[in-house]
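Asks: What follows is each chain in one-letter form.
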Amino acid sequence: MGKIVAACGVSHILMSPHGCEASAQNIVDGFKTLGERLLAAKPDVVIVISSDHMFNIDLAMQPRFVIGMSDQYTPVGDMDIPRIPVAGHRALAEAIVKQADQDGFDLCQAEEYALDHGVMVPLLFMGLSHLPIVPLIVNINTQPMPSALRCLALGETLRQAVETSLPVATRVAVVGGGGLSHWLCVPRHGEVDEVFDHYTMDKLCNGEQAALAQAGNADIIERGGNGGIEIVNWLMAAQAAHSSGGEKIFYEPMRSWFTGLGGVLYHVN
Amino acid sequence: MFFSIYLCLSEEGLTVARYEVHRLIQNLTKVPGLLDRLSSEPEIVFNEYGLTDQEKQVLIEASPPALASIQIHPILQMLYLIARNPSMAAQVSIRDYLATIHKEA
Numbered sequence: 001m002g003k004i005v006a007a008c009g010v011s012h013i014l015m016s017p018h019g020c021e022a023s024a025q026n027i028v029d030g031f032k033t034l035g036e037r038l039l040a041a042k043p044d045v046v047i048v049i050s051s052d053h054m055f056n057i058d059l060a061m062q063p064r065f066v067i068g069m070s071d072q073y074t075p076v077g078d079m080d081i082p083r084i085p086v087a088g089h090r091a092l093a094e095a096i097v098k099q100a101d102q103d104g105f106d107l108c109q110a111e112e113y114a115l116d117h118g119v120m121v122p123l124l125f126m127g128l129s130h131l132p133i134v135p136l137i138v139n140i141n142t143q144p145m146p147s148a149l150r151c152l153a154l155g156e157t158l159r160q161a162v163e164t165s166l167p168v169a170t171r172v173a174v175v176g177g178g179g180l181s182h183w184l185c186v187p188r189h190g191e192v193d194e195v196f197d198h199y200t201m202d203k204l205c206n207g208e209q210a211a212l213a214q215a216g217n218a219d220i221i222e223r224g225g226n227g228g229i230e231i232v233n234w235l236m237a238a239q240a241a242h243s244s245g246g247e248k249i250f251y252e253p254m255r256s257w258f259t260g261l262g263g264v265l266y267h268v269n
Numbered sequence: 001m002f003f004s005i006y007l008c009l010s011e012e013g014l015t016v017a018r019y020e021v022h023r024l025i026q027n028l029t030k031v032p033g034l035l036d037r038l039s040s041e042p043e044i045v046f047n048e049y050g051l052t053d054q055e056k057q058v059l060i061e062a063s064p065p066a067l068a069s070i071q072i073h074p075i076l077q078m079l080y081l082i083a084r085n086p087s088m089a090a091q092v093s094i095r096d097y098l099a100t101i102h103k104e105a
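Just so you know, the protein sequences line up as chains A and B, in that order.
Counting from 1, one number per residue, gives the positions in the first sequence under this note's numbering.
Counting from 1, one number per residue, gives the positions in the second sequence under this note's numbering.
To be clear, the hints were calculated from the coordinates, so they are not data collected in a lab.
Since we're looking at a predicted model, the values are computed, not measured.
Heads up, a few of these hints could be off.
Claimed, not checked - Listed next, the in silico SDA-like pairs over lysine to any residue satisfying Cα-Cα at most 25 angstroms (straight line):
| id | chain 1 | residue 1 | chain 2 | residue 2 |
| --- | --- | --- | --- | --- |
| 1 | A | Lys32 | B | Lys103 |
| 2 | B | Lys30 | A | Pro82 |
| 3 | B | Lys30 | A | Cys20 |
| 4 | B | Lys30 | A | Met145 |
| 5 | B | Lys103 | A | Ser16 |
| 6 | B | Lys103 | B | Ala90 |
| 7 | A | Lys42 | A | Cys108 |
| 8 | B | Lys30 | A | Asp80 |
| 9 | B | Lys103 | A | Pro132 |
| 10 | B | Lys30 | A | Gln109 |
| 11 | B | Lys103 | A | His18 |
| 12 | B | Lys103 | A | Gly207 |
| 13 | B | Lys30 | A | Ile84 |
| 14 | B | Lys30 | A | Ala60 |
| 15 | A | Lys32 | B | Thr100 |
| 16 | A | Lys32 | B | Arg95 |
| 17 | B | Lys30 | A | Ala110 |
| 18 | A | Lys98 | A | Leu152 |
| 19 | A | Lys32 | B | His102 |
| 20 | B | Lys30 | A | Asp29 |
| 21 | A | Lys32 | B | Asp96 |
| 22 | B | Lys30 | A | Pro85 |
| 23 | A | Lys32 | A | Gly207 |
| 24 | B | Lys103 | A | Asn26 |
| 25 | B | Lys103 | A | Asp29 |
| 26 | B | Lys30 | A | Phe250 |
| 27 | A | Lys32 | B | Glu41 |
| 28 | A | Lys32 | B | Gln91 |
| 29 | B | Lys103 | B | Ala62 |
| 30 | B | Lys103 | A | Cys20 |
As the list claims (entries may be wrong) - Partial pick of chain B residues on the chain A-facing surface, computed with a CB cut under 7 angstroms:
| id | residue |
| --- | --- |
| 31 | His22 |
| 32 | Gln26 |
| 33 | Thr29 |
| 34 | Ile70 |
| 35 | Pro74 |
| 36 | Gln77 |
| 37 | Gln91 |
| 38 | Val92 |
| 39 | Ser93 |
| 40 | Ile94 |
By construction, the Cβ of each residue, glycine as well, lies at the ideal position given by its N, Cα and C atoms.
Required output: the full structure, derived from the provided sequences and hints.
Replies: In structure tokens, the structure reads:
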């Protein structure tokens with residue numbers, strides 16, 4: 001049996017610090033602290049749950065969930081992210097696919113997947129890029145997108161896969177990336193809803209990921225924006241960890257970046 | 001703030017711009033040389049993708065209201081704006097943090 005030893009929800013973007021230096025530094029420091037706390041659990045591998053920003057999953061092919069199966073991934077290089085390869089963890093990916101198949105999830109298996117900022121920003125700024133990863137992508141780009149409840153169920157599948165199909169020594173961290181509130185190229189573009197952001201993080205700090213999921217995608221999008229729906233990735237990570245709560249590590253409402261950013265370290269059970 | 005006006009999703013969240021436009025934009029990050037060709041020979045590229053005159057004008061203007069006017073997918077709007085606007089690309093970048101990352105690595 002493997003074991004999930006650490007998990008978190010965290011935003012997955014940074015932009016230019018010019019004009020917002022203090023807030024940007026708080027965010028960088030928050031990523032670093034969150035990463036240190038995850039690394040303290042000595043994970044061997046990291047599952048990174050993210051959305052795709054149409055570098056891989058575009059309108060040509062629209063799978064609901066994609067999982068990377070490869071031994072190595074090369075970043076896209078968006079946002080000037082260095083194209084330094086990141087190791088993959090095939091055994092864990094295969095375990096997840098098998099468990100998912102049993103649980104009724106048809107994961108799209110990708111031997112090639114170009115990592116965009118959604119995966120790379122958490123890895124780089126949390127200091128995790130030296131660890132092998134399994135990228136798990138939730139397609140929120142097109143309708144119908146996976147429901148929050150469906151993401152919660154897939155989180156349970158991740159846990160079962162880790163616990164039933166991996167060697168005892170394998171220690172797994174789970175990072176759910178994206179959010180918080182942002183409206184991208186729709187009415188309200190550029191707004192940040194601090195109430196939604198704190199509500200979401202507080203709920204997760206109380207172990208209430210199921211309640212957040214129960215509210216449904218439409219409610220999340222209404223309150224957090226078409227980009228805020230990325231919190232389904234946070235919910236999946238929380239469920240994989242059987243999180244009983246968590247600790248708010250950082251939060252900044254970055255209107256010049258069009259988004260609220262935060263990070264919550266989960267209490268793994 | 002770079003953006004000011006947006007309207008591009010139906011109530012159901014479905015994009016309605018023609019796929020031909022979306023296909024061109026999503027290929028900008030995938031087809032080598034396409035972005036350069038879009039700058040140097042836009043009419044030829046537009047015709048290769050079968051764009052209408054209205055769509056061509058929107059992509060030439062490359063402003064948020066123009067892109068929203070034909071209901072281009074929000075993410076593809078962002079990708080197009082970043083591709084066509086150097087100041088936008090500089091804003092949506094981690095280049096200012098790279099020295100810190102490399103130092104800590």
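Asks: State for each hint whether it applies.
Replies: Results of checking the hints against the structure:
The suggested pairing of Lys32 (chain A) with Lys103 (chain B) holds, with an alpha-carbon distance near 13 angstroms, which does not exceed 25 angstroms. Distance restraint check for Lys30 (chain B) and Pro82 (chain A): the Cα-Cα separation of roughly 17 angstroms lies within the 25 angstroms cut-off, and the hinted pair is therefore satisfied. Proposed proximity of Lys30 (chain B) and Cys20 (chain A) is contradicted: the alpha carbons are some 33 angstroms apart, above 25 angstroms. Between Lys30 (chain B) and Met145 (chain A) the alpha-carbon distance is near 24 angstroms, which keeps this suggested pair within the 25 angstroms criterion.
Among the hinted pairs, Lys103 (chain B) with Ser16 (chain A) is consistent with the structure: their alpha-carbon atoms are about 19 angstroms apart, no more than 25 angstroms. About 22 angstroms separates the Cα atoms of Lys103 (chain B) and Ala90 (chain B), which keeps this hinted pair within 25 angstroms; it holds. Note on Lys42 (chain A) and Cys108 (chain A): the hinted pairing is violated, with a Cα-Cα distance of about 29 angstroms set against a maximum of 25 angstroms. With a CA separation close to 16 angstroms, the supplied pair Lys30 (chain B) and Asp80 (chain A) stays within the 25 angstroms bound.
Using a Cα cut-off of 25 angstroms, the hinted pair Lys103 (chain B) and Pro132 (chain A) holds, with the two alpha carbons roughly 21 angstroms apart. In summary, the hint linking Lys30 (chain B) to Gln109 (chain A) is supported, as the alpha carbons are separated by about 20 angstroms, within the 25 angstroms threshold. With a CA separation close to 20 angstroms, the supplied pair Lys103 (chain B) and His18 (chain A) stays within the 25 angstroms bound. Taking the CA atoms of Lys103 (chain B) and Gly207 (chain A), the gap is near 36 angstroms; set against the 25 angstroms cutoff, the hint is violated.
Between the alpha carbons of Lys30 (chain B) and Ile84 (chain A) the distance comes to roughly 18 angstroms, so the proposed pair stays at or under 25 angstroms and holds. Between Lys30 (chain B) and Ala60 (chain A) the CA atoms are separated by roughly 12 angstroms; this keeps the pair inside 25 angstroms, and the hint holds. Between Lys32 (chain A) and Thr100 (chain B) the CA atoms are separated by roughly 11 angstroms; this keeps the pair inside 25 angstroms, and the hint holds. Straight-line distance between C-alpha atoms of Lys32 (chain A) and Arg95 (chain B) comes to about 17 angstroms, which keeps the hinted pair within the 25 angstroms bound.
With a C-alpha separation of about 17 angstroms, the suggested pair Lys30 (chain B) and Ala110 (chain A) falls inside the 25 angstroms cut-off, and the hint holds. This hinted pair checks out: Lys98 (chain A) and Leu152 (chain A) have alpha carbons roughly 18 angstroms apart, not beyond 25 angstroms. For the suggested pair Lys32 (chain A) and His102 (chain B), the alpha carbons sit about 14 angstroms apart, so the restraint of at most 25 angstroms is met. Annotation: proposed proximity of Lys30 (chain B) to Asp29 (chain A) is violated, straight-line Cα distance about 34 angstroms (limit 25 angstroms).
A C-alpha spacing of about 16 angstroms is found between Lys32 (chain A) and Asp96 (chain B), which places the hinted pair at or below 25 angstroms, so the restraint holds. The straight-line distance between the Cα atoms of Lys30 (chain B) and Pro85 (chain A) is roughly 18 angstroms, inside the 25 angstroms bound, and the hint therefore holds. A distance of roughly 23 angstroms separates the Cα atoms of Lys32 (chain A) and Gly207 (chain A); the hinted pair therefore holds under the 25 angstroms criterion. Between the alpha carbons of Lys103 (chain B) and Asn26 (chain A) the distance comes to roughly 18 angstroms, so the proposed pair stays at or under 25 angstroms and holds.
A distance of roughly 15 angstroms separates the Cα atoms of Lys103 (chain B) and Asp29 (chain A); the hinted pair therefore holds under the 25 angstroms criterion. Restraint check for Lys30 (chain B) and Phe250 (chain A): not satisfied, since their Cα atoms lie roughly 35 angstroms apart, outside the 25 angstroms limit. Between the alpha carbons of Lys32 (chain A) and Glu41 (chain B) the distance comes to roughly 45 angstroms, so the proposed pair goes past 25 angstroms and is violated. For the hint linking Lys32 (chain A) to Gln91 (chain B), the alpha-carbon distance of about 22 angstroms falls within 25 angstroms, and the restraint holds.
A C-alpha spacing of about 38 angstroms is found between Lys103 (chain B) and Ala62 (chain B), which places the hinted pair above 25 angstroms, so the restraint is violated. Note on Lys103 (chain B) and Cys20 (chain A): the hinted pairing holds, with a Cα-Cα distance of about 22 angstroms set against a maximum of 25 angstroms. Among the interface hints, the one on His22 (chain B) holds; its C-beta lies about 5 angstroms from the nearest C-beta in chain A, closer than the 7 angstroms criterion. Because the beta carbon of Gln26 (chain B) sits about 4 angstroms from the nearest beta carbon in chain A, less than 7 angstroms, this interface hint is met.
Restraint check, Thr29 (chain B) versus chain A: the minimum CB separation of about 6 angstroms is within 7 angstroms; hint holds. The beta carbon of Ile70 (chain B) is not positioned within 7 angstroms of any beta carbon in chain A (closest approach about 13 angstroms), and the interface hint is therefore violated. Here the hint on Pro74 (chain B) is kept, as its CB sits about 4 angstroms from the closest CB of chain A, short of 7 angstroms. Look at Gln77 (chain B): its Cβ gets to within about 4 angstroms of chain A, closer than 7 angstroms, so that hint holds up.
Contact between Gln91 (chain B) and chain A, as hinted, is supported at the beta carbon level, the nearest pair being about 5 angstroms apart and thus within 7 angstroms. For Val92 (chain B), the interface hint holds, the least distance from its beta-carbon to any beta-carbon of chain A being 6 angstroms, beneath 7 angstroms. For Ser93 (chain B), the interface hint holds, since its Cβ comes within 7 angstroms of a Cβ in chain A; the closest pair sits about 5 angstroms apart. Checking Ile94 (chain B) against chain A by beta carbon gives a least distance of about 5 angstroms; that is within 7 angstroms, so the hint holds.
Hint compliance for this structure: hints 3, 7, 12, 20, 26, 27, 29, 34 are broken, all remaining hints hold.
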